[in-house]
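S.K.: Residue numbers (UniProt numbering), protein chains in the order written: chain A, 1 to 259; chain B, 1 to 259; chain C, 1 to 259; chain D, 1 to 259.
Be careful, since some hints might not be right.
The list treats identical chains as one, so a pair stands whether inside a single copy or across any two.
Pairs of lysine-lysine, DSBU-like flavour, derived with a Cα cap of 35 Å [to be verified]:
1. K218 - K187
2. K114 - K139
3. K139 - K96
4. K180 - K39
5. K187 - K216
6. K180 - K112
7. K218 - K10
8. K167 - K216
9. K45 - K10
10. K173 - K248
11. K180 - K114
Hint data in this document are derived by calculation from the structure and do not stem from the laboratory.
Number of protein chains: 4
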Amino acid sequence: MANSEYEYVKREFEFDRRLPASNWIVVRIDGCHFHRFSKIHAFEKPNDENALRLMNACATSMLEKFPDIVFAYGVSDEYSFVFREETEFYQRRESKILSICVSYFTSVYGMKWKDFFPNKDLREPPYFDGRVVCYPNMKTIHDYLAWRQVDCHINNHYNTCFWMLVKSGKTEKEAQQTLKGTFSEDKNELLSQQFQVNYEDEPAMFRKGSSVYRDKVKTDDYGNPIKRIRLAITVSNLDIIGPEFWGKHQYILQEASSV
Amino acid sequence: MANSEYEYVKREFEFDRRLPASNWIVVRIDGCHFHRFSKIHAFEKPNDENALRLMNACATSMLEKFPDIVFAYGVSDEYSFVFREETEFYQRRESKILSICVSYFTSVYGMKWKDFFPNKDLREPPYFDGRVVCYPNMKTIHDYLAWRQVDCHINNHYNTCFWMLVKSGKTEKEAQQTLKGTFSEDKNELLSQQFQVNYEDEPAMFRKGSSVYRDKVKTDDYGNPIKRIRLAITVSNLDIIGPEFWGKHQYILQEASSV
Amino acid sequence: MANSEYEYVKREFEFDRRLPASNWIVVRIDGCHFHRFSKIHAFEKPNDENALRLMNACATSMLEKFPDIVFAYGVSDEYSFVFREETEFYQRRESKILSICVSYFTSVYGMKWKDFFPNKDLREPPYFDGRVVCYPNMKTIHDYLAWRQVDCHINNHYNTCFWMLVKSGKTEKEAQQTLKGTFSEDKNELLSQQFQVNYEDEPAMFRKGSSVYRDKVKTDDYGNPIKRIRLAITVSNLDIIGPEFWGKHQYILQEASSV
Amino acid sequence: MANSEYEYVKREFEFDRRLPASNWIVVRIDGCHFHRFSKIHAFEKPNDENALRLMNACATSMLEKFPDIVFAYGVSDEYSFVFREETEFYQRRESKILSICVSYFTSVYGMKWKDFFPNKDLREPPYFDGRVVCYPNMKTIHDYLAWRQVDCHINNHYNTCFWMLVKSGKTEKEAQQTLKGTFSEDKNELLSQQFQVNYEDEPAMFRKGSSVYRDKVKTDDYGNPIKRIRLAITVSNLDIIGPEFWGKHQYILQEASSV
Numbered sequence: 001m002a003n004s005e006y007e008y009v010k011r012e013f014e015f016d017r018r019l020p021a022s023n024w025i026v027v028r029i030d031g032c033h034f035h036r037f038s039k040i041h042a043f044e045k046p047n048d049e050n051a052l053r054l055m056n057a058c059a060t061s062m063l064e065k066f067p068d069i070v071f072a073y074g075v076s077d078e079y080s081f082v083f084r085e086e087t088e089f090y091q092r093r094e095s096k097i098l099s100i101c102v103s104y105f106t107s108v109y110g111m112k113w114k115d116f117f118p119n120k121d122l123r124e125p126p127y128f129d130g131r132v133v134c135y136p137n138m139k140t141i142h143d144y145l146a147w148r149q150v151d152c153h154i155n156n157h158y159n160t161c162f163w164m165l166v167k168s169g170k171t172e173k174e175a176q177q178t179l180k181g182t183f184s185e186d187k188n189e190l191l192s193q194q195f196q197v198n199y200e201d202e203p204a205m206f207r208k209g210s211s212v213y214r215d216k217v218k219t220d221d222y223g224n225p226i227k228r229i230r231l232a233i234t235v236s237n238l239d240i241i242g243p244e245f246w247g248k249h250q251y252i253l254q255e256a257s258s259v
Numbered sequence: 001m002a003n004s005e006y007e008y009v010k011r012e013f014e015f016d017r018r019l020p021a022s023n024w025i026v027v028r029i030d031g032c033h034f035h036r037f038s039k040i041h042a043f044e045k046p047n048d049e050n051a052l053r054l055m056n057a058c059a060t061s062m063l064e065k066f067p068d069i070v071f072a073y074g075v076s077d078e079y080s081f082v083f084r085e086e087t088e089f090y091q092r093r094e095s096k097i098l099s100i101c102v103s104y105f106t107s108v109y110g111m112k113w114k115d116f117f118p119n120k121d122l123r124e125p126p127y128f129d130g131r132v133v134c135y136p137n138m139k140t141i142h143d144y145l146a147w148r149q150v151d152c153h154i155n156n157h158y159n160t161c162f163w164m165l166v167k168s169g170k171t172e173k174e175a176q177q178t179l180k181g182t183f184s185e186d187k188n189e190l191l192s193q194q195f196q197v198n199y200e201d202e203p204a205m206f207r208k209g210s211s212v213y214r215d216k217v218k219t220d221d222y223g224n225p226i227k228r229i230r231l232a233i234t235v236s237n238l239d240i241i242g243p244e245f246w247g248k249h250q251y252i253l254q255e256a257s258s259v
Numbered sequence: 001m002a003n004s005e006y007e008y009v010k011r012e013f014e015f016d017r018r019l020p021a022s023n024w025i026v027v028r029i030d031g032c033h034f035h036r037f038s039k040i041h042a043f044e045k046p047n048d049e050n051a052l053r054l055m056n057a058c059a060t061s062m063l064e065k066f067p068d069i070v071f072a073y074g075v076s077d078e079y080s081f082v083f084r085e086e087t088e089f090y091q092r093r094e095s096k097i098l099s100i101c102v103s104y105f106t107s108v109y110g111m112k113w114k115d116f117f118p119n120k121d122l123r124e125p126p127y128f129d130g131r132v133v134c135y136p137n138m139k140t141i142h143d144y145l146a147w148r149q150v151d152c153h154i155n156n157h158y159n160t161c162f163w164m165l166v167k168s169g170k171t172e173k174e175a176q177q178t179l180k181g182t183f184s185e186d187k188n189e190l191l192s193q194q195f196q197v198n199y200e201d202e203p204a205m206f207r208k209g210s211s212v213y214r215d216k217v218k219t220d221d222y223g224n225p226i227k228r229i230r231l232a233i234t235v236s237n238l239d240i241i242g243p244e245f246w247g248k249h250q251y252i253l254q255e256a257s258s259v
Numbered sequence: 001m002a003n004s005e006y007e008y009v010k011r012e013f014e015f016d017r018r019l020p021a022s023n024w025i026v027v028r029i030d031g032c033h034f035h036r037f038s039k040i041h042a043f044e045k046p047n048d049e050n051a052l053r054l055m056n057a058c059a060t061s062m063l064e065k066f067p068d069i070v071f072a073y074g075v076s077d078e079y080s081f082v083f084r085e086e087t088e089f090y091q092r093r094e095s096k097i098l099s100i101c102v103s104y105f106t107s108v109y110g111m112k113w114k115d116f117f118p119n120k121d122l123r124e125p126p127y128f129d130g131r132v133v134c135y136p137n138m139k140t141i142h143d144y145l146a147w148r149q150v151d152c153h154i155n156n157h158y159n160t161c162f163w164m165l166v167k168s169g170k171t172e173k174e175a176q177q178t179l180k181g182t183f184s185e186d187k188n189e190l191l192s193q194q195f196q197v198n199y200e201d202e203p204a205m206f207r208k209g210s211s212v213y214r215d216k217v218k219t220d221d222y223g224n225p226i227k228r229i230r231l232a233i234t235v236s237n238l239d240i241i242g243p244e245f246w247g248k249h250q251y252i253l254q255e256a257s258s259v
């Protein structure tokens, strides 16, 4: 029984879309219905440290598994993965790249759950959607990452205020009403005056999100000093909008660039 | 801090590709490096019944979760999901459909693992790739499913012979050599003469793969007769190439068709 | 001097997008800046019979040149060409199909200009844009053509009134004002009461647009009766929304369909 | 009569594909069946100077008409047009850009034919196919143009030898046989020894193809000196592979670049 009679369904309908060369490939994944998922699993509001650490652990696994990912940035239930400019990962086929990234991330999330929530069972399957975007040069990939971090700040600033108000006794509707139309300074003032909180003292992981990359270190896995520089996958919570971080870590993107 | 300065990275680089209307949408997912995965987890060869039942359980969860999936067909570490012709699932956006299907399937696979392998721990994250294909009419969607089932037969027929030979003492290379250039009849003869096995007596799940769909039944969840017909998600291992199955289950595709 | 050093610019950046099989392919072309072009060349308003006949002649040339075009429908400076469902024209590569159709049409338009405007020189190059759309079945291709003909009616009904008003002495602004918010019946009444014109008596080419197809005829090229039926490319101005035309010309789409 | 009943054919099937920002857009058009076209119109072999000048005139018209085209390169019946990196020409919609370029070029070709072939009537419509390709940075756009000029050289070198042989009495088959497997030096030797031709003395337009761009000049349209530098569309036949041309004309791409 030869299959040739039906093989036309592949030949005439399946098309592999390849992404153009010399472009940074970003895969951004995002939790599906995580509002509900975080309620069911009683996540802390506005930020659950364990949930964020789990996300970071998954991102770290991604960099371990896929060497062409040179940088990852995550906030809340979202993570962006940057492949080096000339990666030939699955011959740059869009569907392969998207499906494999989102599937591997999801799988690790499930497997590592117990490490971060030893006393909570998974009650529903966590799952993520994803998309692939190409950026043609260093400026646009920098701006992409800046875009995500600005978004992190805007959302976290708002959510910090919102949940302070709710925890202080307001209804969610009242809290929303209070924050409507407020600017950044208004929020800082509200936090300091009403709650004696300096927003800048909030944990950097909440305010800045998390960056994962291969850092040049002079220590072994236990922190002991070694002679030769080696690359170690690192999670940090630094500002990646201004020039400082990229000045200190030029090699991350430059060694991944074709220019 | 407004985000407008960087938002161009979304506006000018992210594009949502929508799939054309009046097409059946197929998402086919496929295990990544499952050759290795099945070795690590000591799957039976050529077919591990528990691994197949786990795949079927995940497919069943897919139909429970996503009502617009009207049919699924699986074989080995692969599963195809057919969405009804006019589905508006995520406005037919390709990236959303692909990533969500592959992520949800992966997540359920990890969660249900223990049900099917109570004595084996997951030692590596199982993950899948996927693709989306559109088929414009009933004939092409039928032919797509027939293509997969013919493939199931060809592969399983070969693998059954191959592993019989190996288990009988041949090396993998010798087994391969023995089967080189054989036709279907040769394989049947080898099985019956050398191993007293009638291929048709092999389990239908191995020979035919598994179909998942909503069947019209007159029993409740416990098999007791009820008065009104209801739809129950069912797994069967029938021939879906010939006209018989589709004649008996016309409603599956016809109620999902727009014509 | 081998070219291999630079050939990567083709291999890594040029992609041929093929259109899915079993879909009717429509190429719709549309005059660019024809408002200006028609003014410069002093076209009659609202319809210039010679300009429309020139468009029809170009469409006829398209069907002569490209046998896989089975039907064309034109109105004003726009023409749609329907390729048969399973056409392998340029292996269904989108860019080839689009560029060749729009280029050939443009070229014929320039060459035939003198036949329809013997006393007018072309003062600016006429040019067209175009797009390619796939329709997966008979219903959608019928509805596509109906959509264009309804559009033809709506525009021509309005324009007929508008130019009657302008020719009767109103300014363009006043004419526009008069017609604002009017329904079909209002326009018919205006035409009959103010201008003693029965819209249905206007030329069918203006009201219905033009269809080009291979008609089954029993006459030779000079209109003399012949014995065997032959196919002759024909331009007609009939209703293609209702069932009558397609009932009488079932073979046009059915012989071009794969089902 | 509202059109809403049918408008779904646009909404659900027509998609505008936009090209990603920060990419140079190249439209390359290519004569269709120009082998036949050049025979019918008795073009000189291997190069017809008038036919090439006509192509150059059309390219010049393109730069006059579309200011976002910053460079064009042509050889034989092919022309490439480079749009500046951030062009918003038709919102970067691929179908619009492709169809408009190929249509305008075709139209001008027909209209200018008489200027270059005053004694020859067009006997068949000239037409072109086209494609759109994106290049993400200066290096790749340079390499694209180098690729086309290397191709020009390889083809013209071969054709020059081929037609010398044919004109000297060989059949086309014999000429082909003679050239099979020859390297560049072999061809130069054949030309100089057998035909006393130094390939480098052949007209630059044949050997190098034609580049069209806005040059900085200090003369008016009649060649008289003027005080201020102005940009004038210029056709030249220079080497664009090496650094010299681009060194002298840095502004062409740099002013068109976003970086």
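S.K.: Hint by hint, note whether the structure agrees.
M.R.: Status of each hint after checking the structure:
For a Cα distance limit of 35 Å, the shortest separation of K218 from K187 qualifies neither inside one copy, at 41 Å, nor across copies, at 60 Å. When the C-alpha separation of K114 and K139 is checked against a cutoff of 35 Å, the pair qualifies neither within a copy, at 39 Å, nor between copies, at 47 Å. Within a single copy, K139 and K96 get their C-alpha atoms as close as 26 Å, and across copies as close as 27 Å, so both meet the 35 Å cut-off. When the C-alpha separation of K180 and K39 is checked against a cutoff of 35 Å, the pair qualifies only within one copy, where the shortest distance is 24 Å, while the shortest distance between copies is 54 Å.
Taking the shortest alpha-carbon separations for K187 and K216, neither the intra-copy value of 38 Å nor the inter-copy value of 55 Å comes in at or below 35 Å. In the homo-oligomer, the alpha carbons of K180 and K112 never lie at most 35 Å apart, since the shortest distance is 38 Å inside one protomer and 44 Å across protomers. When the C-alpha separation of K218 and K10 is checked against a cutoff of 35 Å, the pair qualifies neither within a copy, at 52 Å, nor between copies, at 38 Å. Proximity of K167 and K216 under a CA criterion of 35 Å is satisfied in neither setting, with 42 Å inside one chain copy and 51 Å between copies.
Taking the shortest alpha-carbon separations for K45 and K10, only the inter-copy value of 28 Å comes in at or below 35 Å, while the best intra-copy value is 48 Å. In this homomeric assembly, K173 and K248 never come within 35 Å of each other (Cα to Cα): the closest approach is 44 Å inside a single copy and 54 Å across copies. For the homomeric pair K180 and K114, neither the shortest alpha-carbon distance inside one copy (39 Å) nor that between copies (48 Å) is at most 35 Å.
In summary, the numbered hints that this structure violates are 1, 2, 5, 6, 7, 8, 10, 11.
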